[in-house]
Amino acid sequence: MDILILILAFVLLGAGILGSFLPVLPGPPLAFVGILLIHFFTEWQFTESFLWMSGIAMILITIADYGLPGILVRYGKGSKYAVNGANIGVVAGLFTGPMGLILGPFVGALLGEMYSGKSAGAALRPAFFAFLGFLSGVFLKLAFCFYLQFKLIFLLF
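The numbers in numbering that gives the first Met the number 0 rise by one with no breaks, and the one at position 77 of the sequence shown is 76.
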């Protein structure tokens, strides 16, 4: 039974890494559930402080992931159209491959700002900040998921 739980945990950790890029998968929560499965249903145990700190980090990273693009677009003097455009760009990027996922927030924010009446030149700054927000969220989620994966590997071996 431990083998099945280990396989499921590694699948969840892998899904967590994929979820760092794909907005349809909640990356950090999936990875954290994988860790919890190992802790509660196998002989291997994490420390209680590790589980609490990881759970708090998972919540904070998930909140930051949703907030960073909007905050950075606002910092870049963008409108709500840029924020909405960046979100639409992320979703549209799902259907256009890896480059679409990377460039989707930028193009979406750029088009959103242009829709609000700004020129292409004036729309570049908020679009750049939307792109930074997306990359920041991806970096945070990836770092967290890889950390959990390495913790699990070191626990097992």
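Hints are computed from structural coordinates only; laboratory data are not their basis. A few of these clues could be false.
[As the list claims (entries may be wrong)] Okay, the calculated beta carbon distance ranges per label pair:
1. PHE145 with ILE6: 13 to 23 Å
2. LEU154 with THR95: 36 to 46 Å
3. LEU3 with THR95: 34 to 44 Å
4. GLY120 with GLY54: 51 to 61 Å
5. VAL10 with MET52: 18 to 28 Å
[Said to hold, decoys possible] SDA-like mimics (lysine to any residue), calculated; alpha carbons at most 20 Å apart, straight line:
6. LYS150 with TRP43
7. LYS76 with PHE20
8. LYS76 with PHE127
9. LYS76 with PHE40
10. LYS150 with VAL23
11. LYS150 with ILE2
12. LYS150 with GLY13
13. LYS150 with TYR74
14. LYS150 with GLY66
15. LYS117 with TRP43
16. LYS76 with GLY120
17. LYS150 with THR46
18. LYS79 with THR46
19. LYS117 with GLY69
20. LYS150 with ASP1
21. LYS150 with VAL10
22. LYS76 with ILE55
23. LYS150 with LEU50
24. LYS150 with LYS76
25. LYS79 with LEU131
26. LYS150 with LEU134
27. LYS76 with LEU110
28. LYS150 with HIS38
29. LYS76 with LEU131
30. LYS79 with TRP43
31. LYS79 with GLY66
32. LYS76 with LEU35
33. LYS150 with LEU35
34. LYS79 with LEU17
35. LYS150 with ILE55
36. LYS79 with ALA63
37. LYS150 with GLY69
38. LYS79 with TRP51
39. LYS79 with ALA56
40. LYS76 with VAL10
This structure is a prediction, so every number in the text was calculated from the model and none was measured. We put the beta carbon where it would ideally sit given N, CA and C, even for glycine.
(request) Provide an ascending list of the numbers of those earlier hints which the structure does not satisfy. (result) Per hint list: 4, 7, 9, 10, 13, 14, 15, 18, 22, 24, 26, 30, 32, 34, 37, 38, 39 and 40 violated.
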